[in-house]
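Using the hints, put the two chains back together into the complex; each one sits in its own frame.
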Amino acid sequence: MTEQAHAAVPYRTFVIVWALLLVLTATTVAVSRIHLGPLNIWVALGIASLKSALVIFFFMHLKYERLLFKLFLLGALITLAIFVGLTFFDVLYR
Amino acid sequence: MSEAGHATVHKDYTGAKLGMWLFLFTEIILFGGMFLLYAVYLARYPKEFAAAGAELDIVLGTANTVILLTGSLLVAVSVSAVRRGSRKLAQWMLWGGVLSGALFLFNKYLEWSTEIRHGIYPNSPVLLQKEQGEIIFFGLYYITLGLHGLHVFIGAVLLAVMAVWVATGAVNRDDFVKLENSGLYWHLVDLIWIFIFPLYYLLL
Numbered sequence: 244m245t246e247q248a249h250a251a252v253p254y255r256t257f258v259i260v261w262a263l264l265l266v267l268t269a270t271t272v273a274v275s276r277i278h279l280g281p282l283n284i285w286v287a288l289g290i291a292s293l294k295s296a297l298v299i300f301f302f303m304h305l306k307y308e309r310l311l312f313k314l315f316l317l318g319a320l321i322t323l324a325i326f327v328g329l330t331f332f333d334v335l336y337r
Numbered sequence: 575m576s577e578a579g580h581a582t583v584h585k586d587y588t589g590a591k592l593g594m595w596l597f598l599f600t601e602i603i604l605f606g607g608m609f610l611l612y613a614v615y616l617a618r619y620p621k622e623f624a625a626a627g628a629e630l631d632i633v634l635g636t637a638n639t640v641i642l643l644t645g646s647l648l649v650a651v652s653v654s655a656v657r658r659g660s661r662k663l664a665q666w667m668l669w670g671g672v673l674s675g676a677l678f679l680f681n682k683y684l685e686w687s688t689e690i691r692h693g694i695y696p697n698s699p700v701l702l703q704k705e706q707g708e709i710i711f712f713g714l715y716y717i718t719l720g721l722h723g724l725h726v727f728i729g730a731v732l733l734a735v736m737a738v739w740v741a742t743g744a745v746n747r748d749d750f751v752k753l754e755n756s757g758l759y760w761h762l763v764d765l766i767w768i769f770i771f772p773l774y775y776l777l778l
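Same order as they appear, the protein sequences are chains C and Z. In our numbering, each number is its position in the first sequence, counted from 1, plus 243. In our numbering, each number is its position in the second sequence, counted from 1, plus 574.
Bound conformation, chain Z alone (with noise of 0.2 Å):
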């Protein structure tokens, strides 16, 4: 029977984490399917996707690979920071996180307005004249990093929903599985990136 004005809730730590996980591995098969399109391919076509690779920028690259890392650095800070009750740090390295996402999507910006301007996107006149294995690198590289790019962009708003709970005390020290919880899809879409980096711009 509950009191006035106060329920008990009932709360599963152990569930609220493990549904998360099998949310991920999800994610997990739909990228999956994604780079084993790539494999595929590039199994048939290994000079077309080095030849198309060397289009992209690997500064940019690289520098969103750091970018990532960093914010799934600041990330996992903010959890333990929650769990000591180091409220503020926590929201500093929430917000760190957003900038990261932010960041990351910056410089995607950045390389697809100069990948479009020369004419490289899907379907693009100038695409089509290259080689059939040009062509489906193109295509599975904007299926897949837009794809990404979209994650990113989820995560970072999760990632500042966290950050107003941490301030309001809705994420505290007692209840912290959904911070846990969106720290976790934060770091499954840097691995995603630690994935497709090497595959999509280091190719020789």
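Chain C on its own, in the form it takes in the complex (with noise of 0.2 Å):
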């Protein structure tokens, strides 16, 4: 009747998880007071997917759902890619 849901993540994963959200978050703070001109923003914003990266495949538990729940976020995202380069296609040249 139920379907199963796999086994409970240990805590000890969402622990380790949370260390690298902050060791994450102390780097784009430190990497954030560097001049490194148009770079820095690419940089903050790397880091910044790396940490949902974690957020989304351990604590929304991402990675141990079926291959549908992964490909459905992967076209909200295509989505939202198509909908920013887009209008830079636009902007851009004005």
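Hints in this document: simulated from the structure, not taken from any laboratory. If a hint is listed, it holds; no wrong ones were tucked in.
Some chain Z residues well away from chain C (every beta-carbon gap over 12 Å; in silico): (1) A625; (2) L677; (3) L679; (4) F680; (5) N681; (6) T688; (7) I690; (8) P696; (9) P699; (10) G713; (11) L714; (12) L721; (13) V731; (14) A734; (15) T742.
Listed below are the simulated DSS-like cross-link pairs for lysine-lysine, each with C-alpha atoms no more than 30 Å apart in a straight line: (16) K306/C / K585/Z; (17) K752/Z / K313/C; (18) K313/C / K585/Z.
All C-beta atoms, glycine included, are put in the ideal place defined by N, C-alpha and C.
Written out as structure tokens, the structure is:
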């Protein structure tokens, strides 16, 4: 009757992910204080994406979900990328 | 045919969770739109955005980042706790999550009351004296962080309801998708802040 969910994720896993997130936060603050010109924003976005991946895959459990969930998320992110990309195709060339 | 006083309730664990993810995607598009505006205007006014961003309180911003990340840790643990039957631990974790939301909103109150006292709020005379890029930065700042703060509040309320439901048994090791879904909402709030923080507080 009830579908089986996978086993509960160990608390330890969450604590390790949390520690990684704190390290990445410290890193993003530290790097943001160094003048890298246009590179700054990309490094910031890169670290933010890494932090997001940790939150999504572990805290939000996506690592353990079936493929359908992952494909749906990919679809949503591609949609957003299209919005941003096409907007900049316009805005950058005005 | 249901027996007297006992009906079979249809449950769809995968459907419930997938439905929540679909709702989260609409939230991603909502905040995505605001980040898109930010991106376009950052490209147009890089110096003004950096100047405006320098007025924000980096200490409170960083503290709020740590607070939300910790809240997410506690909420994630609460789901595993319920699944193992550790009801007391789950409740502590969920109230801890509520506390993280409250701390976040208190810090937000400190930041905004300071900024408003300095005359920086939408359409203020002080703000209108500034460069166009700075005016736009603060407009986006108040809308985006305001909407995010509202989501923190809603998320905290959801976590409190879940804590009560764990106590009453409405959420238990055989039926915990409501808790998982509330957790998903909370983590989304964390995710949005993960992008807000560097873009608004850490510009050089």
